[in-house]
Amino acid sequence: MNQSNILDIPRVYPKLEARCSEIGFTMPSDIYIGTLLKSLIASKPNARVLELGTGMSLSLAWMVEGLDEHSELISIDNDPQLIKIAREFFANEPRVSLVCTDGADWIKSYQDGAFDLIFADAWPGKYSELNETLSLLKVGGIYVIDDMNPQPNWPEGHAAKAEKLTAYLESREDFTITKMNWSTGVIICTKRY
Numbered sequence: 001m002n003q004s005n006i007l008d009i010p011r012v013y014p015k016l017e018a019r020c021s022e023i024g025f026t027m028p029s030d031i032y033i034g035t036l037l038k039s040l041i042a043s044k045p046n047a048r049v050l051e052l053g054t055g056m057s058l059s060l061a062w063m064v065e066g067l068d069e070h071s072e073l074i075s076i077d078n079d080p081q082l083i084k085i086a087r088e089f090f091a092n093e094p095r096v097s098l099v100c101t102d103g104a105d106w107i108k109s110y111q112d113g114a115f116d117l118i119f120a121d122a123w124p125g126k127y128s129e130l131n132e133t134l135s136l137l138k139v140g141g142i143y144v145i146d147d148m149n150p151q152p153n154w155p156e157g158h159a160a161k162a163e164k165l166t167a168y169l170e171s172r173e174d175f176t177i178t179k180m181n182w183s184t185g186v187i188i189c190t191k192r193y
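Just so we're aligned: 46 in our numbering is position 46 of the sequence shown, and the numbers increase by one with no gaps anywhere.
Careful: at least some of the hints might be erroneous.
[Stated by the list, open to error] Straight-line C-alpha distance at most 25 Å; calculated DSS-like pairs for lysine-lysine: (1) Lys164 <-> Lys191; (2) Lys44 <-> Lys179; (3) Lys138 <-> Lys179; (4) Lys138 <-> Lys108; (5) Lys38 <-> Lys179.
Hints are computed from structural coordinates only; laboratory data are not their basis. None of the values given here were measured: they were computed from a predicted structure.
Take the sequences, apply the hints, and build the full model.
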């Protein structure tokens with residue numbers, strides 16, 4: 001099996017990659033997490049999806065491909081430049097809401113219903129406000145994080161934070177957890193029935 005032979009790349013993906021280069025964005029999600037997110041979301045009809053950390057919208061492009069016509073996706077980022085770029089590519093996508101705000105504040109104040117899938121690709125929802133974020137999942141909902149294997153851009157001491165996060169997720173009896181030494185290191189947690 002050749003996992004790098006990905007045939008169904010979203011149409012906007014190469015344009016988003018080019019924008020990464022143009023603005024010097026150095027923290028893009030890799031293509032493999034995108035394919036996984038698309039597949040997970042496609043398994044959830046009428047899905048409500050939350051992305052914490054829009055970034056350059058590379059993962060967002062994949063997630064949109066997994067949505068059915070009745071699904072909705074909220075993507076949060078605190079960087080106005082990145083949200084502006086995301087709007088250039090997804091302004092005509094009625095299933096997507098792009099929100100420029102502090103992720104921690106949004107998580108603490110959100111009250112509009114639970115999510116089928118949460119992709120936490122930012123500090124809030126992953127290393128802070130974790131319990132609040134996990135409480136936003138429906139039963140059977142999926143929580144996904146990546147970048148759990150050591151990365152070259154990690155600051156000193158971050159490996160210990162990642163290990164502590166992994167241990168905490170493993171200790172949760174209300175979730176089943178799968179750790180994958182694949183892509184950039186992925187953890188999937190499913191909220192138990």
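Hint by hint, work out which the structure violates, then give me just those numbers in ascending order. none
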